[in-house]
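Just so you know, the sequence shown maps onto residues 23 to 258 in the working numbering.
Quick caveat, the hints were computed from the structure, so don't treat them as lab data.
Certain hints may be false.
Unchecked claim - So the derived label-pair ranges between C-beta atoms look like this:
1) Asp231 / Arg115: 18 to 26 angstroms
2) Ser85 / Pro150: 32 to 40 angstroms
3) Asp233 / Ser85: 45 to 53 angstroms
4) Asp144 / Glu122: 28 to 36 angstroms
5) Ala161 / Arg105: 39 to 47 angstroms
6) Arg210 / Thr104: 22 to 30 angstroms
7) Leu151 / Gln189: 38 to 46 angstroms
These numbers come from a predicted model, not from an experiment.
All C-beta atoms in this analysis are idealised placements derived from N, C-alpha and C, irrespective of residue type, glycine included.
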Amino acid sequence: MPRVKQTKGGVDLAAALAGIRIDRGQAIGPQIYEALRHRIIDGRLPGGTPIHEGEIAELCFVSRTPLRAALQQLVGEGLIVTRPQVGSIVAPRDRRRFLEALFVRSAIECRIVRRLAERGLDEAALRPLMMRQEVAARADDYAAFFDADEDFHALLASMADVPNAWQLVQSVKSHVDRERFILMSSIRGRSQRAFEDHLRILDAIRAGDGDRAAAEMAAHIDSVLQQGAAAGIGSV
23 MPRVKQTKGG VDLAAALAGI RIDRGQAIGP QIYEALRHRI IDGRLPGGTP IHEGEIAELC
83 FVSRTPLRAA LQQLVGEGLI VTRPQVGSIV APRDRRRFLE ALFVRSAIEC RIVRRLAERG
143 LDEAALRPLM MRQEVAARAD DYAAFFDADE DFHALLASMA DVPNAWQLVQ SVKSHVDRER
203 FILMSSIRGR SQRAFEDHLR ILDAIRAGDG DRAAAEMAAH IDSVLQQGAA AGIGSV
């Protein structure tokens, strides 16, 4: 077993990277990318954590080639930065990029729900996902709800026949996700409120009211600003 790695910032890399499972039958780079991205978003790899390829490769039992590709993707998303005399580190939370990502996400997802108001929903596909959300919301399990929330928004894009639009959102919204995760984990009942937002969005779609669906979606996305400010954590 690799020895425990302690970064200069005090982050125990072995603990932060614990639980990563690599399917050797699938491309390794995308799996490492998803694992590292998730750990940056949920704070296990906080801003300022030094990124050393050799240590991460050793702890994750992967070679440097796919790891380097994953790190470059995270650099492209602004989640990893390189600084003189410091090297590569997990990027600090960035308010400018956070607000920019909110703008992009709102613009795309409001169009998605407008389209669904015209086309309708796949209720059979929605049903199990809404049950997952409800269970997580009632338990106030923010980690489980976060994953179900991601699947909900991806499913809306798929049902609107624009799955690549969600991929575009994904490419910029990591900075929003960092704030959302902090918000969900620090405000009691936040998951329930997000679930209720989803119900209102779906009600508007079912009613064929594209304007209301878009307004509900915009309010849902912007809630990370309002509730974060109220909790004193929205000013990154």
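Against the structure, the hints come out as follows:
About 36 angstroms separates the C-beta atoms of Asp231 and Arg115, a value inconsistent with the hinted range of 18 to 26 angstroms. A beta carbon spacing of about 38 angstroms between Ser85 and Pro150 agrees with the range 32 to 40 angstroms that was offered as a hint. A hinted range of 45 to 53 angstroms for the beta carbons of Asp233 and Ser85 is consistent with their spacing of about 52 angstroms. For Asp144 and Glu122, the hinted distance range of 28 to 36 angstroms is satisfied, since their beta carbons lie about 31 angstroms from each other.
Checking the proposed 39 to 47 angstroms range against Ala161 and Arg105 shows it holds: the Cβ atoms sit about 40 angstroms from each other. The beta-carbon spacing between Arg210 and Thr104, approximately 38 angstroms, falls outside the hinted interval of 22 to 30 angstroms. The hinted window of 38 to 46 angstroms between Leu151 and Gln189 is violated, with their beta carbons roughly 19 angstroms apart.
The earlier numbered hints that this structure contradicts are 1, 6 and 7.
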